[in-house]
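With the hints as constraints, model all of the structure from the sequences given.
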Amino acid sequence: MTAIDAPVTTVAAPRVGLLDWLTTTDHKRIGILYITSAFGFALIGGAIAEIIRLELAQPGQQLVSASTYDQLFTVHGTLMLLFFAGPLAIGFANAITPLQIGAADMAFPRLNALSFWLFLFGGLIVMSGFLTTGGAAAAGWTGYAPLSGPTYSPNVGMDLWIAGVALVGVSGILGALNFLVTIYTRRAPGMRMFRMPMFTWTILVTAVLILFAFPSVTADLAMLFIDRHFGGGFFDPSQGGDPVLWQHLFWFFGHPEVYILILPYFGIVSEVIPVFSSKPLFGYRALVFATIAIAGLSMGVWAHHMFTTGEVDLPFFSIMSLLIAVPTGIKIFNWTATMWRGSLRFTVPMLWCLGLLYVFTTGGITGVMLASPPIDFQAQDTYFVVAHLHNVLIGGTMFAGFAGVYFWFPKMTGRTLDERLGRIHVAAWVIGFALTFIPQYILGAEGMPRRIADYPASTGWEALNMVSTVGALVLAAGMLPFLLAVYRALRRPADAPSDPWGGNSLEWATTSPPPHHNFDRLPPIRSLRPVFDARIAAEAERREAERHEAGGS
Amino acid sequence: MPEEVRFFGRLSLFALAAGLIYWFLSYENAGTVLLLGFGVATGVAFLVLRGGQRRAAPHAAGGASDGDAETDTGPDGPFGDESAPVPTRSAAPLAVGFGLAVVVLAGAFGPWFVIVGAVPLLAGAIDWLRAANRELDQLSAATHRDTTDRSPGA
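Chains as they are written, first to last, in the working numbering: chain G, 17 to 569; chain L, 415 to 568.
Errors might be hidden in some of the hints.
[As the list claims (entries may be wrong)] Simulated DEER-style distance windows between Cβ atoms:
| # | chain 1 | residue 1 | chain 2 | residue 2 | range |
| --- | --- | --- | --- | --- | --- |
| 1 | G | F210 | L | R469 | 46 to 52 angstroms |
| 2 | L | V454 | G | F305 | 41 to 47 angstroms |
| 3 | G | G326 | L | R548 | 23 to 29 angstroms |
| 4 | L | L550 | G | T149 | 45 to 51 angstroms |
| 5 | L | E442 | G | V384 | 50 to 56 angstroms |
| 6 | L | L439 | G | R361 | 47 to 53 angstroms |
| 7 | L | L550 | G | R361 | 18 to 24 angstroms |
| 8 | G | L38 | L | D551 | 25 to 31 angstroms |
| 9 | L | T557 | G | R361 | 44 to 50 angstroms |
| 10 | L | A505 | G | F362 | 26 to 32 angstroms |
Simulated from the structure, these hints should not be mistaken for lab results.
Model, not experiment: these values are computed from the prediction.
Backbone N, C-alpha and C define an ideal beta-carbon position, used for all residues, glycine too.
Here it is in structure tokens:
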């Protein structure tokens with residue numbers, strides 16, 4: 017603990033029925049709904065990933081047909097990116113952002129609930145493709161035309177994919193608008209822009225990115241739907257269309273989407289590391305401007321996914337992609353500098369953040385490699401790209417996501433998660449991650465293409481694929497202690513203190529869980545760390561009183 | 415100028431510059447339109463917010479201060495608090511969401527789904543609008559009471 021313990025304040029959580037959850041407009045409950053649903057989709061997407069890895073463990077087709085395999089990797093990618101990583105961040109944003117700015121709720125509470133329901137129904141619609149006769153969508157999460165067009169994907173599953181992704185797109189736009197208005201208009205007195213916690217900053221920047229990136233993919237989906245059902249020719253060269261247009265519009269959303277996914281998780285890391293280093297965040301303003309720079313640059317790098325089409329300017333997009341490493345590097349540097357000479361506490365959230373530094377940095381470095389066209393031409397559509405993508409996204413989102421869960425679970429539920437189980441969880445994931453994805457880099461460098469259900473035994477890829485599959489099983493096993501920790505915590509009474517970690521920002525100034533209106537009173541907001549300031553002031557007052565008492569006696 | 419406004423200005427300048435450079439490097443239409451479109455969209459957001467801030471500035475108590483100032487503890491930046499009653503529970507979002515989800519299924523299974531989905535969609539929308547109207551009425555009644563109480567004759 018810190019030198020000054022926070023006062024222990026607990027509140028008895030009222031019993032909540034199913035109807036309360038279905039009709040809630042409370043941002044905290046909507047946050048929990050988002051987080052729970054996102055983890056639900058992740059468990060399904062993760063189970064699909066295990067099937068994929070088991071299929072690839074050996075040459076020959078053992079578990080699923082090639083067609084089913086195509087459906088599996090399509091739905092896996094769609095669920096993990098659009099229905100897990102993004103919505104999990106939105107869940108944290110819902111649960112925490114209004115608290116961090118001292119607001120009673122979001123600006124539009126009912127719209128907030130609608131965003132959640134659209135996301136949930138969108139995910140269910142995408143998955144329902146498995147129940148149709150033609151099976152689920154099988155064109156990959158990128159849905160490239162003409163593969164996703166009427167000729168190669170005539171099945172209903174593809175239409176359901178379009179409908180589900182469109183719904184989550186609308187949900188994202190409504191949510192982004194809500195966050196933008198909330199952060200702009202609902203801040204407590206004294207909560208200036210440059211006193212906002214980094215997590216809230218990243219949510220603001222992410223909201224702006226969503227607002228400008230999502231309409232592009234929504235338009236793309238509408239054009240694809242017209243091509244499929246009304247004889248449109250947007251992506252059909254025989255009718256004067258251009259399949260590369262799909263790629264432009266998709267990646268104009270798709271690459272910012274990577275940062276839409278990652279920036280909020282960077283925000284979580286920026287909250288966790290200072291608390292457990294017992295130091296203020298190093299270079300706060302530099303981190304804010306690095307976040308804005310990442311947002312700007314991320315809108316100008318989409319075509320590095322299209323180097324091999326031959327239709328984009330290679331030097332321009334290569335330079336822009338290399339440049340984005342600079343603000344990202346600033347973040348890594350500032351987190352490290354925050355820890356430097358700090359009084360470190362290696363709690364589970366902190367361990368996840370340390371894991372992120374190792375995993376994400378590896379992914380980032382391979383991203384810089386892929387930004388160079390000569391390497392990209394070689395690695396395009398190989399397992400090198402698969403490993404890079406997972407390195408960045410699992411490292412960036414899941415490691416920080418788990419850090420956020422362990423960090424804010426007491427605030428959201430009034431209960432703390434078991435530290436011992438948490439440490440097993442972290443260890444399993446760090447080891448499992450290395451086992452799964454390092455072999456995939458080597459496989460990619462050896463030329464193993466992605467999105468294949470089988471490979472010839474003569475390639476010699478069996479051993480590395482087997483190691484990768486074992487790693488994936490370790491990752492799956494690593495989820496068990498986490499689920500057990502959550503189960504055990506929820507069976508205990510809600511007795512977590514208001515501020516179990518010695519936090520800095522306003523969410524730690526209210527009870528755990530907070531009341532419906534969030535705050536009975538707010539501490540004065542005169543710096544980036546109002547709760548820390550209040551703790552120091554309270555401690556100074558206590559010492560002064562003790563001194564007076566000692567002097568009087 | 416508050417950071418809320420500058421933020422969009424910076425993004426707009428960056429995207430417009432990137433779009434122009436890209437055009438002269440590549441003469442490629444799609445990418446240029448996307449980059450310039452982003453610049454124009456963020457530029458419009460900048461101008462709208464800048465206008466809003468200028469209109470609000472004379473009315474702000476003590477003048478709206480810059481986001482960097484360290485002293486002011488009043489509302490920050492160009493936007494005042496827009497507090498309104500916080501709704502506790504509502505089935506409208508679920509009804510509208512469910513209705514929309516059924517409506518989009520028409521794209522896969524036929525137009526009948528539009529009719530089926532329209533029922534919860536409209537019911538939810540009506541419920542939503544009524545509740546919002548009620549809250550607005552309550553808010554304006556409270557504001558009116560507040561103004562009357564503060565008037566010199568009161």
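Hints the structure fails to honour: 1, 2, 3, 5, 7, 10
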